[in-house]
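S.K.: Sequence:
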Amino acid sequence: MGYIITKISTQTCPGFLEVYLYTSETNDLRIPRFSAVDASLESRRPLKVPITIVTAASGNHACSLEAFLYHIRTVFSELRTDPQADARVMDERIRNGKVYLETSRDLENIRKKVKVKKVHQTAKNNSGTIDEARKFMEQNRQDAGSIQNVSNINEITNEVDEYEVQPRIVMYNMGMGPSKRKKRRLKALIEAGYIDETVDLDFDKYPSFWQLGDETRGEYGWKAGIIEEVTQRILEQSSGTKKRQLSVDDKEVLGPELDEKTPLYSNASASQRYEPSIVLWLDSGDRVSVGFLRWLPTFLTHYGLWTPQSQDTMRTWTHPGMLQYYRDSIDNFSEEETNCNGAAIAFDIRNRTVREGIMKEWVQCALVKDCIAPEGSSRENHRQDQAALTYLVKTMGYIDHVCHGFGEDFGVQVNQDRYCKENIASNPDHVISN
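Numbering (UniProt numbering), first residue to last: 1 to 434.
Among the hints, erroneous ones may be present.
Unchecked claim - Cross-link-like lysine to aspartate or glutamate pairs, in silico, DMTMM-like; alpha carbons within 20 Å at most:
#, residue 1, residue 2
1, Lys369, Glu215
2, Lys48, Asp86
3, Lys360, Asp370
4, Lys48, Glu78
5, Lys180, Glu162
6, Lys180, Glu191
7, Lys205, Asp328
8, Lys180, Glu102
9, Lys98, Glu108
10, Lys369, Asp202
11, Lys205, Asp417
12, Lys369, Asp328
13, Lys360, Glu236
14, Lys48, Asp82
15, Lys98, Asp204
16, Lys98, Glu197
17, Lys180, Asp86
18, Lys369, Asp204
19, Lys180, Asp200
20, Lys180, Glu78
21, Lys48, Asp202
22, Lys98, Asp86
23, Lys48, Glu162
24, Lys98, Asp196
25, Lys98, Glu191
Everything labelled a hint here was simulated from the structure, so no lab data went into it.
Start from the sequences and build out the full structure, keeping to the hints where you can.
M.R.: Structure representation (structure tokens):
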């Protein structure tokens, strides 16, 4: 069964400017099944699920990182968090930052004190939330007629006064390069409490092709590795789970055949009893809405994985060599099959099916050059981490639910790097470094 999709524009939720309402049958249209009303209401529910936002930057992206951190702090100011808890979080950030600055090899030549301008919290204004939600519901009833299975507005009303969980920020430093100015800017951001945890990526632990070359950019394999590192630390800290060792057989030339008959086939929507925990990768050029952060846990409860689609198709950005690694062919996929956008990816890391299925295989592919960056591939014909994730999404049970809809449809903007200087200059609370 398919649906006719009506696109509705709304200003009631920042970031959710375009949402989709399913109305009747049509052919093979796959967008996550959330109506306009559902999306609006879910984006207003208090954020109760822990989210760890992960990003990374090298010296080439220092400007983008700074603008990203300012943006994230502004978004967090819209959450209804406990002021006492916020103070404890800030204290912990400062402590963690001091430890990092004392041990980081990348920043060891700028140990002297950096002058930092005091940052004040943006005032929170949550008035009118319920009225807006009710108005939006009425508007959709008028626009689309009767809508079935609408969430109970009273649930939102009762939850509005609850405190929300502020996401954590983990930043991987991939090397600021020789510029002391960039290193001092990063040091100032750390001392000002913009980051919960800063980590220098240890490239020596990983394949040599992960090194950041001018053209290859490490084949973007490090992205899956960073997400895996963060995931394992969270699981270890909360339950003492033994860390999974990443390894690669240099002689391996073929990967596993993935289909519905293999143990790796995912059924993420299967019932599992656990407290969810989300790892959300965001490129430093991304911008997100608070509505998206509140909505995301609901989607991951059903599917365990979220990422939007990118421009063009799977055929455009998947080199045949990667499919040969999996003993597969592009001919087995539709010409219009969407391509996943690796700029924003979210996993429910406590969903064992997701963690031991698609997450594990994505990391294994990233460790093997013949998989993530086969001979003859380049940025002109292949999207490395995106291509690998796309293939796994299409073959491991997510084809109907993930990589459908662009980031803007969910309240996420990607590739905003080009505006970083303007964003920094316009921020009244930007840090000052000597």
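S.K.: If a hint holds in the structure, say so; if it doesn't, say that too.
M.R.: Status of the hints after comparison with the structure:
1. Lys369 to Glu215: Holds, because 15 Å separates the two Cα atoms, which is no more than 20 Å.
2. Lys48 to Asp86: With a Cα-Cα distance of about 15 Å, the restraint between Lys48 and Asp86 holds, given a limit of 20 Å.
3. Lys360 to Asp370: Within the cut-off at roughly 17 Å; holds.
4. Lys48 to Glu78: Holds, at roughly 14 Å.
5. Lys180 to Glu162: violated, 44 Å
6. Lys180 to Glu191: With Cα atoms ~16 Å apart, Lys180 and Glu191 stay inside 20 Å; holds.
7. Lys205 to Asp328: Violated, at about 30 Å.
8. Lys180 to Glu102: holds, 16 Å
9. Lys98 to Glu108: With a Cα-Cα distance of about 12 Å, the restraint between Lys98 and Glu108 holds, given a limit of 20 Å.
10. Lys369 to Asp202: holds, 18 Å
11. Lys205 to Asp417: With a Cα-Cα distance of about 29 Å, the restraint between Lys205 and Asp417 is violated, given a limit of 20 Å.
12. Lys369 to Asp328: holds, 17 Å
13. Lys360 to Glu236: holds, 17 Å
14. Lys48 to Asp82: OK: Lys48 and Asp82 at ~12 Å, within 20 Å.
15. Lys98 to Asp204: Outside the cut-off at roughly 24 Å; violated.
16. Lys98 to Glu197: It holds: about 11 Å lies between the C-alpha atoms, which stays within 20 Å.
17. Lys180 to Asp86: violated, 31 Å
18. Lys369 to Asp204: holds, 16 Å
19. Lys180 to Asp200: holds, 17 Å
20. Lys180 to Glu78: violated, 34 Å
21. Lys48 to Asp202: violated, 33 Å
22. Lys98 to Asp86: Between Lys98 and Asp86 the Cα gap is close to 19 Å, so the pair holds against 20 Å.
23. Lys48 to Glu162: The given pair, whose Cα atoms are some 9 Å apart, holds under the 20 Å limit.
24. Lys98 to Asp196: Distance ~11 Å between Lys98 and Asp196 Cα, so the pair holds.
25. Lys98 to Glu191: holds, 7 Å
Checked against the numbered hints above, the structure violates hints 5, 7, 11, 15, 17, 20 and 21; every other hint is satisfied.
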